[in-house]
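**Q** Input sequences plus hints: build the corresponding full structure.
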Amino acid sequence: MFKRPVIVLVVLGMAVLIITALLMPEKEKLTKLIKIDGSSTVYPITEAVSEEFQKLKKGAIKVTVGISGTGGGFKKFLRGEVNIIGASRPISKKEIEDCLKNNIEYTELPIAYDGICVVVNPKNSWIDSLTVSELKKIWEPDAKENVLRWNDVDPKWPNEPINLYGPGVDSGTFDYFTEAIVGKSKASRSDYTSSEDDNVLVQGVAFDRNALGYFGLAYYEENKDKLKLVAIVNPDTNEAVYPSEETIIDGSYKPLSRPLFIYVNKNSIKKEEIKEFINFYLKNSPNLCREVGYLPIPEKTQKLVMKRFTEVKTGTVFEGEMQAGVKLEDLLKK
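Sequential numbering from 2 applies to the sequence shown in my numbering.
Among these hints, one or two may not hold up.
Using 20 Å as the maximum straight-line C-alpha spacing, the simulated PhoX-like pairs for lysine-lysine come out as follows [said to hold, decoys possible]:
no., residue 1, residue 2
1, K314, K301
2, K138, K157
3, K272, K77
4, K304, K284
Just so you know, these hints were derived from the structure itself, not from any lab. Since this is a predicted model, take the numbers as computed values, not measurements.
**A** In structure tokens:
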């Protein structure tokens, strides 16, 4: 005897919900979406910023963050698939040309400093530091045929295989490392374990006594109990230098100190949610990047970056090259 009133109430309730949804303003019905991709090195900063921003917006804006490497991120950027990419190197000349062909304007925003860490397994007792020439001997393309064992680099080292771990070819870290160490971007031996996910590289080195690898500072900081950090001999001073806040900012950790970037599609900045997100990113990244193992750019430089964004200055200050050793502040003032 009670079934009919219950059914009527349920139907009436559903009708109210449908009418409410139809009358709801379009902006309230749709969650706005910001798409980001790119560097695995920049990912921890962007992910931290995105989480805080989404908490602030309480579900009104969703931010997705992918990891396809700097090169992979630029490919998606060129196809218009993402609004923002993280990059662990400046945009290349080829990517600049492709942006022009595709009528894509962009704003280049440096957001942090990083040092590329060279690491070995904790059981490695024969290496504490490496020179640039030793690293080149290990990683240059010809090494695939000639440098297969540790004693091929130095006769004093063990007659055991070298097992190498490094970023994939779409990684900005790969580009920067090969440029700084080998002397030409993307010039590298190919017989190594590669991955766009730095956590894969960490695990490879952590469980392999004969391993050597390289990746960004944040991934070393998160896993320092599993890895042994190698000092790099500064080619100017001949001193072995470990990556640290001081040595990365002052450039003495040479040549593996570098700035990190985000690139924003100019048309995307016209969207209020993306403009709001970038403002939030630039204001909060100095604190959040420390939490995930990176170094904030100096305050003077931060102001220049914010000005670059608010004035929507497009293009790059790097002219398609790494320009290692050049002060970021000086480039931004041009």
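**Q** Each hint should be assessed against the structure and marked as holding or not.
**A** Tested hints:
1. K314 / K301: Distance of about 18 Å is within 20 Å: holds.
2. K138 / K157: Holds, at roughly 15 Å.
3. K272 / K77: At roughly 19 Å apart (the allowed maximum being 20 Å), K77 and K272 satisfy the hint.
4. K304 / K284: Measuring from Cα to Cα gives roughly 10 Å; hence the hint holds.
Consistency with the previously given hints is maintained throughout, with no hint failing.
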